[in-house]
Amino acid sequence: MMYLKKLAQILLIISLVAVSFATFNIAHGEPVFSLQNPQSPDVFLPIIFNPGPLPSVFGVETTYIDQTLLNKAGNIPTYWWRYNAFLWNQIEPQDVDPPQYNWGAVQENSLIAASQQGFSIVAVVKNTPLFAQAINDPANIPCSPIKSNQAGEFIEFIHELAVRYSAPPYNIRYWQLGNEPDVDVDLFSGANFNLRYTSPYGCWGDDADPYYGGEYYADFLKIFSDTIKAVNPSAQITNGGLLLDCHPVNDPSCLSGTFFEGMIKGLQDNNALSALDYVSFHAYARWYTNLRFDEEYKGFTSHGGVLLGKSYFLREVMTSYQLNPLKPLLVTEGGTMCARPDDAAPLPSGIKCSDPVPPPEFSDDQAEHLVWHYVRAIADGISGMTWYTLNYQAYRHVGLLNADSSNKPAYIAYQFLVSQLGDAQFVGPLNQYFPTLRAYEFSKNSQYIWVLWSPDQLDHSIFKPSGFQAAYDKLGSLINVPPGATTITINSPVYLILN
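For the sequence shown, this note's numbering assigns the number 52 to the initial residue and increments by one for each residue that follows.
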């Protein structure tokens, strides 16, 4: 009897969602946002979104959850915790009737512990089982899109997932469909061909489609959202974080850059914009010897680089489709990658990015970049950023912790940043007063906090401001500013406390 009741609920959801499949056709018209379309906006309009009271912007991602990481995240402290919680191909590897779900494939104790300690899990649902894969390959490609004729199986799975994990003791409220879906599996060719079988990307991209598969993804995003919200109306849904590694206007060969527009168009055409609560994207700086490739990120330089340039672009696309208010943004992977090639000239430390221990030159800049990232995210109105990763990662040394779980400088910088800005109010940018610097003002407890740094990572002097009380470096160490000093040197991030 209970099974029949569940089946009736699922059939109701299927009937509500099926309309989108009945009317869904991939459009081959010209994208609204393009160089060729004269209606494309030339000027980005002011931010117009009103998501209501927002939680803390601070977050992390981990590849596993244990008590050490729970303590480390709590000692920052952070709010968001992104986690690849649900792999469909492991939970439902076979298509049988009635469905059989292997809940043992889920790290349930980890999810319970995270919830009990107050973290908000952003639960990623990904990896299509072989029976539902749309990519025509005799082998298993878990990153594949889902076949349209398997939508019913997908709905059944998501329904059971939401019923089980929206409730205590898991209490999952934030759900994300896939990871970096704006990638075409055809990119894995030649020597990289076999990566298609292990890719962490989403592989929903389609280079034969003018919207790169974004509309098709939007159809499943609607199903994903409708099914979860039928179980828990307070659930919040976001797209798989966009790789967005090029700009389709600044680079006409950037086919993948139209994916997001296709996603928005697909939702809008199906009256389903309410299915999307947050727009997610990813933003990394690739480190070679310095941080220049943050603001000089390909295609996004004119609007601030890898973080601000991408957020500008996404809002510009939403504005071109007349979304009002705009969807708030999440950076579900942000970080710094140690990308210096092994055959480059040796660093002073003699350590390479491929070594088990990161070069100290990189670790220092990673701490600096973390401050850049979060301060600008706050100033830009971004709702949350999960740093990739909190735990140790040999891959490009992106983690905040060493292999023994000791703190890297970036972790210490994160702690101090939150201690200063976690309960502060953003006042505004100060760049007009310091044109060679990046400078932002916050208020807290009747004091002002200025955060300043040099984007060229060279020394710049400013006059000591009126009301000066103290100065701290990015790690929270007090900077000695003699009482008679009239100037302060700015290079790496500095916090100035003013009355």
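Be a bit skeptical, because a hint or two may be false.
Said to hold, decoys possible - With a straight-line Cα cutoff of 16 angstroms, these simulated EDC-like cross-link-like pairs (lysine to aspartate or glutamate) come out: (1) K280 <-> D296; (2) K495 <-> D510; (3) K515 <-> E492; (4) K198 <-> E211; (5) K349 <-> D296; (6) K280 <-> D237; (7) K198 <-> E159; (8) K349 <-> D415; (9) K495 <-> D474.
No wet-lab data here; the hints were simulated from the structure.
Model, not experiment: these values are computed from the prediction.
Now the hints, each set against the structure:
1. K280 <-> D296: violated, 31 angstroms
2. K495 <-> D510: violated, 28 angstroms
3. K515 <-> E492: holds, 15 angstroms
4. K198 <-> E211: Distance ~20 angstroms between K198 and E211 Cα, so the pair is violated.
5. K349 <-> D296: It holds: about 8 angstroms lies between the C-alpha atoms, which stays within 16 angstroms.
6. K280 <-> D237: violated, 34 angstroms
7. K198 <-> E159: Status violated; Cα separation ~28 angstroms.
8. K349 <-> D415: Judged against 16 angstroms, a Cα distance of about 24 angstroms means the pair is violated.
9. K495 <-> D474: holds, 7 angstroms
In summary, the numbered hints that this structure violates are 1, 2, 4, 6, 7, 8.
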